[in-house]
Every structure is written in C-alpha cells, then in structure tokens.
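So the sequence lines, in the order shown, correspond to chains A and B. First residue of the first sequence? That's 1 in the UniProt record's numbering, and the numbers climb one at a time after it. First residue of the second sequence? That's 1 in the UniProt record's numbering, and the numbers climb one at a time after it.
No wet-lab data here; the hints were simulated from the structure. Where hints are given, some of them may not hold.
[As the list claims (entries may be wrong)] Some but not every residue of chain A turned toward chain B, in silico, with C-beta under 7 Å:
no. : residue
1   : E28
2   : R32
3   : Q80
[To be verified] Per label pair, the in silico range of CB-to-CB distance:
no. : chain 1 : residue 1 : chain 2 : residue 2 : range
4   : B       : Y271      : A       : R157      : 45 to 53 Å
5   : B       : H190      : A       : K219      : 56 to 64 Å
6   : A       : D168      : B       : D168      : 45 to 53 Å
7   : A       : D166      : B       : G181      : 58 to 66 Å
8   : B       : I182      : A       : T71       : 31 to 39 Å
9   : B       : E37       : A       : E215      : 52 to 60 Å
[Said to hold, decoys possible] Calculated cross-link-like contacts (lysine to aspartate or glutamate; reagent style EDC-like; alpha-carbon spacing at most 16 Å):
no. : chain 1 : residue 1 : chain 2 : residue 2
10  : B       : K88       : A       : E34
11  : B       : K165      : B       : E138
12  : B       : K94       : A       : E34
Small disclaimer: the values here were computed from a predicted structure and weren't measured. Quick reminder that beta carbons are idealized off the backbone N, C-alpha and C, glycines included.
2 protein chains.
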Amino acid sequence: MVPHLITALNGPINELEQRLLESTPAIERWFRLEWMEHTPPFYSSVDLRNAGFKLAPVDTNLFPGGFNNLTNEMLPLAVQAAMAAIEKICPEAKNLLLVPEKHTRNSFYLSNVGTLVRIFNQAGLNVRLGTLDPAIAEPTPLALADGSSLTVEPLVRNRGRLGLKDFDPCTILLNNDLSAGIPSVLEGLHEQYLLPPLHAGWALRRKRQHFRAYEEVAKKFSKLMGMDPWLINPMFASAGELDFAEGQGLEALQTQADALLAKVRRKYKEYGIQEKPFVVIKPDAGTYGMGIMMVRDAKELAELSSRARNKMSVIKDGQEVTEVIIQEGVPTYERVNDAVAEPVVYMMDRYVVGGFYRVHADRGADENLNAPGSSFVPLAFAESPHLPRRGEKPGASAPNRFYMYGVIARLAMLAASYELEVTDPEAEVYE
Amino acid sequence: MVPHLITALNGPINELEQRLLESTPAIERWFRLEWMEHTPPFYSSVDLRNAGFKLAPVDTNLFPGGFNNLTNEMLPLAVQAAMAAIEKICPEAKNLLLVPEKHTRNSFYLSNVGTLVRIFNQAGLNVRLGTLDPAIAEPTPLALADGSSLTVEPLVRNRGRLGLKDFDPCTILLNNDLSAGIPSVLEGLHEQYLLPPLHAGWALRRKRQHFRAYEEVAKKFSKLMGMDPWLINPMFASAGELDFAEGQGLEALQTQADALLAKVRRKYKEYGIQEKPFVVIKPDAGTYGMGIMMVRDAKELAELSSRARNKMSVIKDGQEVTEVIIQEGVPTYERVNDAVAEPVVYMMDRYVVGGFYRVHADRGADENLNAPGSSFVPLAFAESPHLPRRGEKPGASAPNRFYMYGVIARLAMLAASYELEVTDPEAEVYE
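Go ahead and model the full structure; you've got the sequences and the hints to work with.
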C-alpha cells in the first residue's frame, strides 16, 4: 500500500487516511489497551510533516507552549481532559503551581501561560505561577496582550515541599523544558506531584531515545494496520560526541548521514518517489528550532563554514550541542494560501485537544518551520480531530485529515510514554 | 442573597451566576470529591427551568434521547467523555450493544440513535442495535432523515449473555427507559455490563426518590456556596396511591397540593416575588411529558372533568398512573425570539457535553414544554458550558449562563447517582 497523503485540501486520494477511518474502532481500542499498560504524559504537542507519500512526527514536546493558538471552540476539550488527568493523579487537588519558562517578555508565550491558567482554573484548581528566574524576588505582574495580567512569584522551598508564599500546592506543573539544567529547587520533592517528571526535561531527555521508542510504537501500530511502518516513521541515526565549533566528530557525522541518505534513497526507489532525499541534523537534546540543518549530500558537512558551525553549536539557554541525531527529512506538502504549513497537534492526558498549522510564507517544504523569532503564523484547525466523516472522499475532508493527524500524534505521545519508562531513573528493574 | 437570574440575554444582574463563576475552582473540586465516592450515571439529560428568581432541575432523564440536537462542535466532548467512561467500566471493550426505544418510526429519535452510534464508534467500539420489539425477527434497515440508515436486529439470549447473531458484546447500553416494564431478556445478565442498571428504568424508578436525593445534594452544595437551597431546589410532595379515572385518592392529592402551594407562597413572600405560585402534578414514574398538570389552586383538583382525569391516567407505553408527585412549579422566563425556552443539559460520565433550548412558541412560561408530538424546536447552545468568561457583566454572557446551567444539571446528575445507590436492589447494607 502506498498512501498518497493530502498535499492540498483537494489533493489526491489518501489511502492511509481511508484505512485509518475504516479502522477507527480498532484504533481507538488499541490505544485504550496501550493506556492500560502505559501512562500518558500529562500534556504534549507533536509536530507532524505530511509529505503526501508519508506522514511522520518530527518533534514531540513534553512542555508544550502555544495553547493560546488553539481556538476557543477547542478549549472545552482541554478542560475536560485536564479534569480527567487531575482525577487520576490527585483527585483531592486544590492548588496547582505552574512553573513557566523564564522568557516572560514574549507576549505569545505569556498568552500560552494565561490559557493554561484558564484551563486548570476551569478544571477546578487554584493556579499560581512560580518562576525559576532568580531576578524575580517578589510577586511581579506581567501584562498580557489582551489587557489582562499574570503574576509570577518567587518559589519558596520548604524541606520536601515547593510552593509560594502562602500557597502550598499538591501538584507542580512544569511548562519549562529545563534546557538550562535541573534547578536544585526542583530536586528531591517527595511529597508533591511534579509533572512532567524531571527526566522529561531537556537536561536529561534525548531525541534518539524518543525516536527509538517511536519506531517500536510505529511497528506495533503498522502491524495492526497491515502496512509498512516507514510510511509513518522517520528513520534516524545518532552520531557520537562532537564539537561543531572545533570541527570534531564531523567525519563520523558525515558517514552516518551518508548511510541514512542511502537508506532513504532505497525507500524512495521502492515507492517510486521522484524527489531528492534529505536528512535533518538536530541537537539530541533541546527544542525551539535552533541548531537545525538540512543536508542533501553528506559532503556538505565537510564544507561547513565556521559561521554555520557556530550556529549549530549553541542553542536555547546557551546550551552547547555535543550530541545530534540525524533524521530522515520529511518534506511537508501541506499548503495554506501557498505558504508551507506544518500541523501541530496538542494533547492532554490521552486526549487530542486541538491543533494548528504552523504556516511560514518564506520557507520551503523541506525546511524547519519552527524558527526562532516566531515568524510562523498559527492557523488553528477549524474542526475537531474527533469527528471524521466516514463517507467523504479520501483526502478531501479537513475533519478526516485532522483525525489522521490526531492518530499519528497520539502514536508519538505513546512513544513518549514508552521513552519516559525506559529513561526513568527511579524505575525498578524486574528481570 | 436573592439571585435575580437571567430572564433574557440582556437581563438583570445575576447574583447566582456571579457567585458560581467566582467559585469555579471550588465547585469543580467539590464535584471531583463527590465523584470519588459516587459513580456518575453513564449518561443523562436534565431539564432546567430558569425563573429569574430561581433555577431548578425539573426532570432528570437517565436514558436521554435528543443527542441529535447537540451541535457538531459539541460532539467531540461527547466522544471524549465516552472514552473516559468506557475506560473505567470495561477498557477491553470491543463491542457495544445499543438497545433503543421501540418507536423506530420517529425520525428524530432515530437520528438520536444514529448520533449515539457515531459517538461510540469514534470512542473505539463496534456498535450494533438490538431491539426489544418482538415484531422484528430479522435485521431490519431503518432510513434516517439524512439519507443514511441504521439496522436493528433481534436480540439473542444465550444463558447469562445477551447479544445479536454473531455479535457478543461486553457492554449493553440501554436507550430504552423500560416504561413498559423489565423484559425478561434483560434479567439475570451476570457476565455483561448492563448500563444504566435496570433499576434506573421507569419500571422501578420513582421521581420522588430522585428529588429526595436532589434535595440532599442541593443542601450540601448550598452550604458550600452559602446560599438558600430553595434557590436551586424545587420543593415537592408525594401523594399516596390514586386512580384518576375512578377519582380515587384525589382528595389526599388536593390536601398535599394545597400544603405545597402554601409553602411556595411563603417562599415567594420571603423573597418579595410578586407572582402567583403553582404546582405541577406528574406521574411518579415515567417521562415523555405525558400526564402532567399545572395547578394554581388545589380546588381545581376537585373539579377535574372526566376527560382531564382520563388524560392524567395513562402515559407512555399505555402505563397506568397510580402514583404522582406534586412539584413546586418553576416558571421559565428564558425566551428565544419571544418563544418560551427551557434549557436541557446533556451529560456523559461526569462531563457536561452540550445542551439545547427546548423552544415552544405556543406555550406559556408556566407550562410543560416537553409535549408529546415534539412540537418544540431544539436550539443548540451556541457555546460550550466549559468556558465561562469571568470578567463579563453578570447575566449578559451566554457562556456564563451555560456554565451555570452545567453546574445545576450536574447537581441533578449527582442526585441520580445518590438515588441509584439507595434504590439498588443488589446493594449490600452495612450497618
């Protein structure tokens, strides 16, 4: 089966979409059984790339920003999912401490925090914001674009508990991905729920572990669906230690990239795909679309300018890149008004709660759209991923496409659950 | 506190609405704690009456029809709630047998069944329809108004299990309220989940038990909110056995009605309400808006015409009325385009999944709008009850009103949960 996914709203027949729609009850039951064995991340967002011949997740964020990009019509799903999540984790919960990123001057990010506060308020929690920023020594109001404001407060640590002045939360929710390392104030909390766990942060998390888990999930799911896992799985390889600035380890990287390009080329040949394959090099730890490079020919790596090498060597919060993964490049052929678009799906607990298109007028189908400086435009999914219309012409219906996106995004979320089990430093080992 | 509820979209200040909004986290937590102790009905719908000075549930349906009246935008909430419900009851579930009402010629009702099938398909279940109608001896397709069709099949009972030919369900969902009695085919099922339980059907259920439970819930909730429970509780009384056709028991009914009218009058005086109180007499068992009478003066009961007495004596499925409850009449002052409107809230598991207005151009504010023959017009809530806007002027915002309706409807659902515990014939008694 070669699924020709949608490349535009009125694109060609989409076999994968059709197959997923026909199998909805089986797929939903499969997820239900998986969630009996595995715990979903508290929340997540997944970047997808739809190449027409392939649909794959390329990034799974366990500290999602961008909840502000969901439509008001979708927020009730988030409220309901938050209620379900809280009920399972800590049904008596009264107070929630939300720990946001430090870059509190970014009004888009603040609006995301405001949306999260609204969702958890509505789910029955008093929410207050505690910051890891040592520069904030007293409650500080921050203005939002809509005229409202949020107050961030300094954290107060008392032996095993973390809170704010006069605020003792049962649960601490991180919306800070810990790229800068694990702050000691978050360590050794025994009496409170810390979500997501510390090892989900980029201080410890590695993309290769995620995509290894995703490969396993994709294989399982593809067996259920009777299809080639490659159709939903981006192949990857990881290189050893490297130092872009000093040029160390680049040769090994080149060898790995060359081997991966050859594997992609074979797959393209198998499916009669006429395009030129490419791979993407990205930091093994970290996010924010920094330190990312597209490579069509591994030789390019031998000829990197020192400027390009420097650009690859340092990412968010000034972290040095010493490990990368090389991932099969999946072009995105979704278009919104001629601009390249990449779907992003948001989940809370096991539920898809919404999504949007990251639309970027100045970039190509093979480029990273999550650029620093946020020059992308979010375009909320107009309809819910929950209501596919089974009778409609494949590839021609937005709700059906959103359902397909929701399924693939949930596979990535399930992979994150597998990943966090494997990497849990406190996990007991049964042999 | 006298709350002046909304009587129109731009009505007067609404203290109750404001109080509920301000207390959202506390209210949601309160419900969360209640659901730790009590099991929500699988699904339910609640008819509310908004009198401006009082907001109360007047009917709690445990076999809700009318899911077709919810908007497409709201169905995702139902899908998500169905997923949560199934996960708790029978996570391995693959097949669901839905048992609808027998009146399969009503295209509105069929459309409701079609919507339920769609919701449960999407939640990961194969759904088939089994009918209690002995006239249906083989799979029979029924045409829906939208051009699609549903197939109802005869039930097949095999010792402890109920199913269809080649269809063995893990769960049986009744959308038939058992007004006609409990069919033997449903009795003694030990190996399957039967939802709702048999004692939730009108063969055994009694309104007085529901409203007794609701009174308890309303008192608890009103204590949390620091308000008079009467503001959300319709007072009621029950008369003994009676026979409308023969005129037996009408004197006792008159005495009870008179006493209840006096109680309502006292409350109206306490709150300075200028209207003339009335009570509603309805069958203690049964639904469908049949056998209902409004009484402003108990003497009316002594002067009933034989036609009026006959009309009161027989309801749905030809059931004779031998017990009634007398309920405080709550006028509804909601209007949609000058027509009297009554909000109906739909719930699945513990979640509000939508609602609509029952709008009736020919009826008065003190009349029953759920008339047989369905001459009401359903008008779906335009926005979700999950997203109140805290800053808005009380009484002027539809989302805020919907939130308030969702809270009161959930109190009635919680009462149904209390009620089903008390009336469970298989409950163990701990003393």
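Against the structure, the hints come out as follows:
At about 3 Å, the closest approach between the beta carbon of A/E28 and any beta carbon in chain B falls short of 7 Å, and the interface hint on this residue holds. With its C-beta approaching chain B no nearer than about 5 Å, A/R32 sits inside the 7 Å limit, and its interface hint holds. Taken as an interface hint, A/Q80 checks out: its beta carbon lies about 5 Å from the nearest beta carbon of chain B, inside 7 Å. Checked against the given bound of 45 to 53 Å, the beta carbons of B/Y271 and A/R157, roughly 51 Å apart, stay inside it.
Restraint check, B/H190 to A/K219: a C-beta distance of roughly 40 Å breaks the suggested window 56 to 64 Å. Checking the proposed 45 to 53 Å range against A/D168 and B/D168 shows it holds: the Cβ atoms sit about 51 Å from each other. Remark: the range hint 58 to 66 Å for A/D166 to B/G181 is upheld by a beta-carbon distance near 60 Å. A beta carbon spacing of about 46 Å between B/I182 and A/T71 contradicts the range 31 to 39 Å that was offered as a hint.
Taking the beta carbon of each, B/E37 and A/E215 are about 44 Å apart, not inside 52 to 60 Å as hinted. Proximity of B/K88 to A/E34 is assessed by CA-CA distance (about 14 Å); at most 16 Å being required, the pair is judged to hold. With a CA separation close to 10 Å, the supplied pair B/K165 and B/E138 stays within the 16 Å bound. Taking the CA atoms of B/K94 and A/E34, the gap is near 14 Å; set against the 16 Å cutoff, the hint holds.
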